[in-house]
Structure formats: C-alpha cells, structure tokens
Amino acid sequence: MENIERNNQAGGINSDSIIRLENLTKGFGGNIILDNISLTVEQGKTTVIIGPSGCGKTVLVKHLIVLLRPSSGEVYFRKQRIDNLGENELNKIRMHYGFLFQGGALFDSLSVAENILFPITQHYKINDWRQMDELVKAKLAMVGLDGFQQFYPAKLSGGQRKRVALARAIALNPEVILYDEPTTGLDPINSDVIDELILKLQRELGVTSVIVTHNMTSAYKIADRIIMLHQGKIIADSDAAGIRNHPHPVVQRFINGQANEDDLAVLRASSAIFQSQFLPRDFEE
Amino acid sequence: MIETVGAKAAAEVVDIGRFSRFIWDTMISSIRSLAKSETYPLIWTQMNIIGVRSVPVIMITGAFVGMTLAIQAYDQLAGMGLEEHLGVLINISVVKELGPVLAAVMLAGRIGGALTAELGTMNVTEQIDAVRSMGTDPIRYLAAPRVLACLLLTPFLIIYADLLGILGGYFVSVIQLGINSRAYWSFSASGVELWDVTIGIVKGLFFGGAIATISCYKGFTCKEGAHGVGQACTEAFVASFISILALDFALAVIFKAVYSTFWPIKSLV
Numbered sequence: 001m002e003n004i005e006r007n008n009q010a011g012g013i014n015s016d017s018i019i020r021l022e023n024l025t026k027g028f029g030g031n032i033i034l035d036n037i038s039l040t041v042e043q044g045k046t047t048v049i050i051g052p053s054g055c056g057k058t059v060l061v062k063h064l065i066v067l068l069r070p071s072s073g074e075v076y077f078r079k080q081r082i083d084n085l086g087e088n089e090l091n092k093i094r095m096h097y098g099f100l101f102q103g104g105a106l107f108d109s110l111s112v113a114e115n116i117l118f119p120i121t122q123h124y125k126i127n128d129w130r131q132m133d134e135l136v137k138a139k140l141a142m143v144g145l146d147g148f149q150q151f152y153p154a155k156l157s158g159g160q161r162k163r164v165a166l167a168r169a170i171a172l173n174p175e176v177i178l179y180d181e182p183t184t185g186l187d188p189i190n191s192d193v194i195d196e197l198i199l200k201l202q203r204e205l206g207v208t209s210v211i212v213t214h215n216m217t218s219a220y221k222i223a224d225r226i227i228m229l230h231q232g233k234i235i236a237d238s239d240a241a242g243i244r245n246h247p248h249p250v251v252q253r254f255i256n257g258q259a260n261e262d263d264l265a266v267l268r269a270s271s272a273i274f275q276s277q278f279l280p281r282d283f284e285e
Numbered sequence: 001m002i003e004t005v006g007a008k009a010a011a012e013v014v015d016i017g018r019f020s021r022f023i024w025d026t027m028i029s030s031i032r033s034l035a036k037s038e039t040y041p042l043i044w045t046q047m048n049i050i051g052v053r054s055v056p057v058i059m060i061t062g063a064f065v066g067m068t069l070a071i072q073a074y075d076q077l078a079g080m081g082l083e084e085h086l087g088v089l090i091n092i093s094v095v096k097e098l099g100p101v102l103a104a105v106m107l108a109g110r111i112g113g114a115l116t117a118e119l120g121t122m123n124v125t126e127q128i129d130a131v132r133s134m135g136t137d138p139i140r141y142l143a144a145p146r147v148l149a150c151l152l153l154t155p156f157l158i159i160y161a162d163l164l165g166i167l168g169g170y171f172v173s174v175i176q177l178g179i180n181s182r183a184y185w186s187f188s189a190s191g192v193e194l195w196d197v198t199i200g201i202v203k204g205l206f207f208g209g210a211i212a213t214i215s216c217y218k219g220f221t222c223k224e225g226a227h228g229v230g231q232a233c234t235e236a237f238v239a240s241f242i243s244i245l246a247l248d249f250a251l252a253v254i255f256k257a258v259y260s261t262f263w264p265i266k267s268l269v
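Note that the protein sequences, when read in sequence, are chains W and H. The opening residue of the first sequence carries number 1 in the working numbering; numbering runs sequentially from there. The opening residue of the second sequence carries number 1 in the working numbering; numbering runs sequentially from there.
The shape of chain H in the complex, shown without the other chains (with noise of 0.2 Å):
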C-alpha cells in the first residue's frame, strides 16, 4: 500500500518535473522563433487555425454570457429601483471575469482538444519521431508555432468575447427589458475603467499560455492507441480549465494588490 502510494507520488513528481523542462524548452524555442522570420508562416497558419477560426464560437460565448447575465440581474436591481445601473454590473463582469474565463474555458475545450488530438495522434504514428530523425527539434517544429500563436490571439479573442457580452448584454436590457439607453451606458462609463478591460486582456495572455502548454505536452506525452489519445484530450482539458481557475484567481489576488498601491486614495471613495 505505501509502497503504491509512494511509486505514484515518485512518477507525478517526475512527470512534474517533465511538464516543468518542456514549459523551459517551448519557452525558449518560442523566443528564438520570433527572432527568426523562417519560421513566422508555421506562426501565420496555427494563428489561422487558432485564432480565425475561433472568432464564432467565442463572440457567441460572449454574447451569451452577456445577456444571461442581463437577465439574471434585472430583478434583484429592479427590486432595489436601481435597474439603470445593470450596465454597470453586465459590463465589468464581462470584461473583468466572465468574459475572459469563460472565453478561455471554450478555446481550452475548441483548441486544447484539437492540439492535443493532432499532436497525440502524430505522438503514436511516429510523426514526432520521424521530426526528430530528420534532425529537427519537435518542440521548435511543431510546439513553439501553437503555443506562440495561442498566446498572442487569446487577448485579442477575449476583446470580441468581452465585445459581444457588452453588445449582448445592452440588448437584453436596453431592447427587451426597457432600460433607458442613455442611463445604461453612463452608468456603464462611470463603473468600469480601462483597468478593468485590461485585467481582462492580460489574464487573457495568460490563459492562452496555459491551454497551449498543457495541450501540446499532453499530445507530445501521450500513450499508444485511441484510448491513449482520447485519455490525453480529456487530461488536457481537464487541466486547462483546472489552471484557468487557478490563474484566474491569483492574477485577481496580484492585480488588486498593484491597484491597490498605484491608486489607494481612489479605493477609498
């Protein structure tokens, strides 16, 4: 019994330490590749295949997380006389937490699964073995150009998201439950900041990080068949969204202490 306990701890410490070196090496393979314009095409395509392609499904997850949001709002303001202030309380948890969140929960399952199933699949019919017999690095080759390119589109994938819940949420307020326009976007001006838009965008940056990381070790490390590739989706998923959570917190923990010292007088009003 401890001697299973202690042989599972030692291979999740290994696997650890695994996960720690490939981060190290794509960090590094990624650097080099923005300093070398050969390899900026593989860049271009994943940037298609990552970015462009995700554009629909995000601005729908924003739109409705908008005006879900609208809706279940209304009536605990409404109740108070202070419905006109549902602009305030769509628009910063759009830009701020749900938009960003839940636009990275959606790419982790469109595009974590994907770079996870293609790399996974190349993983068990030799395709990466085959990169590296030809004398070329696979991190450089194949991790470096997805993970570059999931870092740089989240942010901007998160502007349409956050575009889309602000858009979506005026619309349930302002057309369907009768909000005054005028109202809806002063209050709005008044509450949110270019601070909060960019605690949004940044976490973005972050989110991106993790969901290409973990997808493509997850792809790079997976075990031989369908199951074996099926079983590294699922992981992948499982973790990214486990890590979105948990960056999501402690970039809320960092960035309302750097607030906090760059404008307390502002916190105190």
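The following block holds chain W by itself, in its conformation from the complex (with noise of 0.2 Å):
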C-alpha cells in the first residue's frame, strides 16, 4: 500500500503540463487519421476531446500512453520522451496513468475484485490479503458498487461495467486517467452518474483528466477545456464557453447536433430511391 501511496506521489513535478503531444501524425496504410496535432494537457485539469465519430479521438488518447506508437512526432510524459521507450520502460510510465475503455475492457475470466487488484497484483508483491480486500473494497466503494466483489463481468449491467472499469483504472492512484467514450451506451440517469464520478475523483484525488466523447451535456459539466477534433485536426481549444461561442461552423453544427447540407442533401436522394422501388402499391400488385 504505501509503494503504492508513494507511485501516486512520484514524479511531482510542479509543472503546469503532465503531457505533452508535438506534431503528432499517424496513419494506418496510407490513410491519416492525426494530421501533424499539437497538444499539451495541464496537471490536475479535466480536458475534454470531442469530435465526429472516425475522427481519430481514440486513436488520440491511445497515444497519450503509447498503446499506439506515432507515425512521425512526439509524446513526452513529465518532460521525458515516452514514444520513442521499449515496453518494459513504457510499463513503468504506464503505471502512472489509468485508462477507462470504452466497453470498460473487463477480463471476463476475473471476478470485479479480481479485476481491480489485478494492476496491483502485477506490480507488487502482496503479503496482506486482508488489506488488498479492504483497499477492494474502498475503491468499490468511491464507485457505489461495495457488495459486488465477487460477482462477473458478464452478471454486470452496461453502466455498473464502467463503474468497475474505473475503480480498476484508479487501483494504481494513478496521476493521469484516460477516458475513452465513458457514456457511450448508457441511460442518460447512468450517463450522469458517471459524470459525477469522474467530478468526484477530479476533487478527492486531484488526478489529471482527458475525456473522449461525444456527449455534450457531459462535455459542459466535467471540461475545464474542451478540445474539438475534426478530420484528423484540433480545430477548437476552449473552456465550455468558449466552445459554445465558437465561431467555426463545424464545431456549432457538432455542439448542436446538426446534419451537414451535404448529409442532408445524400439522405434526401437516398430517400427518393426507396420511394420509388419498396412503395407498399409495388407490393400489391
């Protein structure tokens, strides 16, 4: 416990960024999916990636810790360049962060206990069981799911599996923790519990932030920034107000849920086809 008290500990740098991308491209078989992005994210903040689905937010927040490598360009954690380490070093860096994937990526053969003590059990070596089930416990509780230890992964509901996903990504007290669309599929009653516990682990832990999603609701009440991704470029960096005021109309057609003209206009002609061939009188006859 306290090697783990002290990894939340190491590294505290007083520094402004915790990470930070430069000039960030990647490609998968010659198609660019992050054109050249440049991003620092600030210790302690909340900042939210938004965007058109395929735009590249996840492969974006992948990169933060090096699940996927850079086509070209630069990631550095606390001024050390990360991109470029073996994996066994990348292990170590990786211990400072939490990830939230967006099916929550439980391990189906483990129990929620087993699941959260499992980034424990890998880095050190336990001698009190009885303090692991409490610290078990402790982390179930922050997520409102005490009293689920010992069920599956498979006996959960969508909402409770992120739940779990997030007390396993905070099992290390990591410093930074990536979210990966962690509404996506939720009611908006769960949507909003899951909100409130990203707020309440910003407060009690004080942990660094960045948020996938596509949820706007969500987006204005967790962001202390808000980063607009579009067609593998950041096209808007702001606080919720700004992003609300922005003048791009990508970005206010995204915030506002709106249809673009030439969406629109396919969907139109699309619609005149059916028309034509699967009217019920074709049927009929």
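Because the hints were derived from the structure by calculation, they are not lab data. Just to be clear, a hint being listed does not mean it is correct.
To spell it out: a stretch of chain H is covered by chain W in this simulated footprint if at least three of its residues, at any positions, have a beta carbon under 8 Å from a beta carbon of chain W; those stretches are [to be verified]:
hint : segment
1    : 54 to 66
2    : 125 to 131
Only pairs whose alpha carbons sit at most 25 Å apart, straight line, appear in this in silico SDA-like list of lysine to any residue [what the hints assert, rightly or not]:
hint : chain 1 : residue 1 : chain 2 : residue 2
3    : W       : K125      : H       : P41
4    : H       : K36       : W       : P153
5    : W       : K155      : H       : T121
6    : H       : K36       : W       : L110
7    : H       : K223      : W       : D128
8    : H       : K223      : W       : D108
9    : W       : K200      : W       : Q149
10   : H       : K223      : W       : K125
Quick caveat: nothing in here was measured; it's all calculated off a predicted structure. Every residue gets a Cβ at the ideal spot worked out from N, C-alpha and C, and that includes glycine.
Combine both chains into one complex, guided by the hints.
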C-alpha cells in the first residue's frame, strides 16, 4: 500500500503540463488519422476531446499512453519523451496512468475484485490480503458498487461495468486518467452518474483527466477545457463557454447536433430511391 | 497486377517477421516465467484448461486409431498368414506416428481454436490493450502460460493417446478378431522399442509448442468483429495442422538420421 501511495506522489514536479504531444501524425495504411497534432495536457485539469465518429479521438488518447506509436511526432510525459521507449520502460510509465476503455475491457474470466486487484498484483508483492480486500472495498465504494466483489463482468449492467472499470483504473492511484467515451451506450441517468464520478475523482484524488466523448451535456459539465478534432486536426480549443460561442461552423453543427447540408442531400436522394422502389403498391401488384 | 502481387508478398514477409518476433518474445517470457514462482498459478490454471480437460477427447482419439488400424490391417496380414504380427504394426504406428499426429490434430482443434477465440475476443474488446495500459506485458501474462502449459502437457496427452491406441488395437485384434493374446504381445514387444515411444513423445513437445504459439499469435493479431475472430480461429487451425504435418516430416527425417548414426548395425539386421 505504501508503495502504491508513493507511486501516486512519484514525479511530483510542479509543472503545469503533464503530457505533451508535438507534431503528432498517425496513419494506417496511407490513411492519415491524426495530422500534425500538437497538444499540452495541463496537470490537475479535465480536458475533454470531442469530435465526430471516426475523427481519431480514440487514436489520439491511445497515443497519450503509447498504446499506439505515432507515425511521426513525439509524446512526452513529465518532460520525458516516451514514444521511443521500449515496452519494459513504458510499462513503468504506464503505472502513472489509468485508462477507462469504451466497453470497460474488464477481464471476463476474473471477478470484480480480481479485476480491481489485477494492476496491483502485477506490480507489487501482496503480503497482507486482508488489506487488499479493504482496498477493493474502498475502490468499489468510490464508484458506488461495494458488495459486488464476487460478481463476474457478464452479470453486470453496462453502467456497472464502466464503474468497475473505473475502480480498476484508479487502483494504482494514477496521476492521469484517460477515459474513452465513458458514457457511450448508457442511459442519461447512468451517464450522469459517470460524470459525477469523474468530478468526484477530480476533487478527491486531484487527478489529471483526458476524456473522449460525443456527449456535449457531459462535456459541458466536466470539462475545464474542450478540444475539438475534425479530419485529423484540432479545430477548436477552449473552455466550455468558448466552445459554445465558437465561430467555426463545424463546431457549431457538432455541439448543436445538426447534420450538414451535404449529408442531408445524400439522405434526400436515397429516400427518393426508396420511395420509387419499395412503396407498398409495388408489393400489392 | 504486379503491384498487387508485390504488396501481398511484402505483407506476407512483414507477417512472417512479426510471427518470428512473437515466437522470440514468447520464448523469452516463458523462460522468465519458469524462473518466477508468482507465475506458476497462471501456468497451473492453463494446464488444467488445456491438459486435464483434453484427456477424454485424446483418449477417445487414441482408442479409435488403434481399433481402426486393427480392422484395416487384419485382412492384409491374414492373407499372408501373418495376423499374429498385427500387434507390431498397430503399436508401432500408434506410438510413433498416428497417435502423436492425430492427438495433436485433435488438440489443434480443441485447444488451438479455444486459445485463438479467447485471445481474439480479448483483443477486439480491448482487454489486451487494458493489460498493456496497466503496465503489464500481455505476452508474459497471456501467451507465455498458455504456451508453457501446451508445451509441457502435450507429451503427456500423447502418452494417453498411445495407451488407449494400444488397448483399442488389442481389444479388436484379440477379443474381436481372435488373435492369440500371447503372440500378439510377444511380437509387439519384439518390434516396438523404447526409441519408438520416445520419438512420439518428443514429437508431442514440438506439436504442443507449435499449436500454442500459432494460436496465441492469431488471437493477438485477430481483426475486429465476430468475422475477424472466426477467421483467426480458422487460420489458426489450418496453420497448426500444416505445421504439425511439416514438423512430423522434419522430425521423422532427423530421428531417422540420429537412429542410423547411433545404431547403424541394428538397421542392417
């Protein structure tokens, strides 16, 4: 436990930026997903990344922890370049991060308690299992699921799975928590529960958070800063008020949930085809 | 056209390179795992899943191999009045060739498919990324225990297949076809050597390693979606099957050369 607490305090440099991307470009098979992105994530703040589906938000957040390596550009964690490190060195850096995956990514074969203990058992020798039970209980209590220790992920609802995944993400008391679409697939009430949890962790643990989301209600509620990605580039970077009043038409369409004219034209053309081919009278004949 | 062929050839070379790297990483992780007692529970769990639960199917496979061999070979040998030699033919075929190969093929289907499907599903649901995000090497945590379990237990499973193959052959030859029991065992003992049994068991070591490594690799590199997992399972079985046959041939050549080197006089008799 002491080691884990020390881990939380390790590298406690009083610097504003904790993660930095410099001219990061990522392509898959000639298709450029991220195009020359430079970004600084401020320590202790909540940065929300928004953007349409497929614009590279998840790819961007996976670069912050180097689960993906950039095609070009650099990634820094506390002034140390990390994108060129080997997996063994990276594993030590990754202990400073927690990552909440889109579907939770809980291990199906492990119980809730075993999932939460996984990162601890991988890095520390456990001598006192009673203390570990207390730790699991505390982490689950933080996400409101104490008592679910012996459940398996298959028995949990979508919202519960995300909360357990969040409990696992904070098991090592990380300095940075990355959230990949934490409210996707959840009803509005469960989405709000997750938002409240994110705010609670921010208040109680003082962590730096980077959150990828489509959900503007969540974004406005939790963000200190909102960044919008579009076609592999950052087109907006401001606080919630700044985003609301942003002059870029793509930003306005996105935050107001409006389709653009080109998409609507395609839909109108396709609906004309449907009408001509599949009207009930065709079948009646 | 040339460009397409070139691109596919380049992709194949890259895949071979990745697979070689995977084998190397898995080998290193496996050796390190053996040196660390903390990883023994992981290996033990996989041994239970891979080894213990495969015993029934492997025994059934072995028994049918022995019984079918007896039925097929009896007429040929009886035509020459050599039916009492049936035991040699069955037992040497079972322990040296058919037992190990068919047991390995059964394992490729049962274990290989399950390993690829499990790891493939973990891959597409980001569980492997989750392992990495928590600072753990997925090859050490996921691949090494499975490869070690398969590597260590396949030889034992082959012993089970051999045992039931021998008993199946005996049952059909002696009980059903009426061959003299004493003659059956006597000819078997004179024809089958410890060397033949050893060859079969050593083959199991290689077959087990190949099945587990290929299946884990296919799971780790599986494409997204249900189709991707299904395709990875098919590819894993086909690749395991081909590698079993190729290894069988290569090991037969090597063992024959070794045998001829150390026991040259015996081969002349």
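(request) Tell me, in ascending order, the numbers of any earlier hints that this structure violates. (result) The structure breaks hints 1, 4, 7, 10; every other hint is satisfied.
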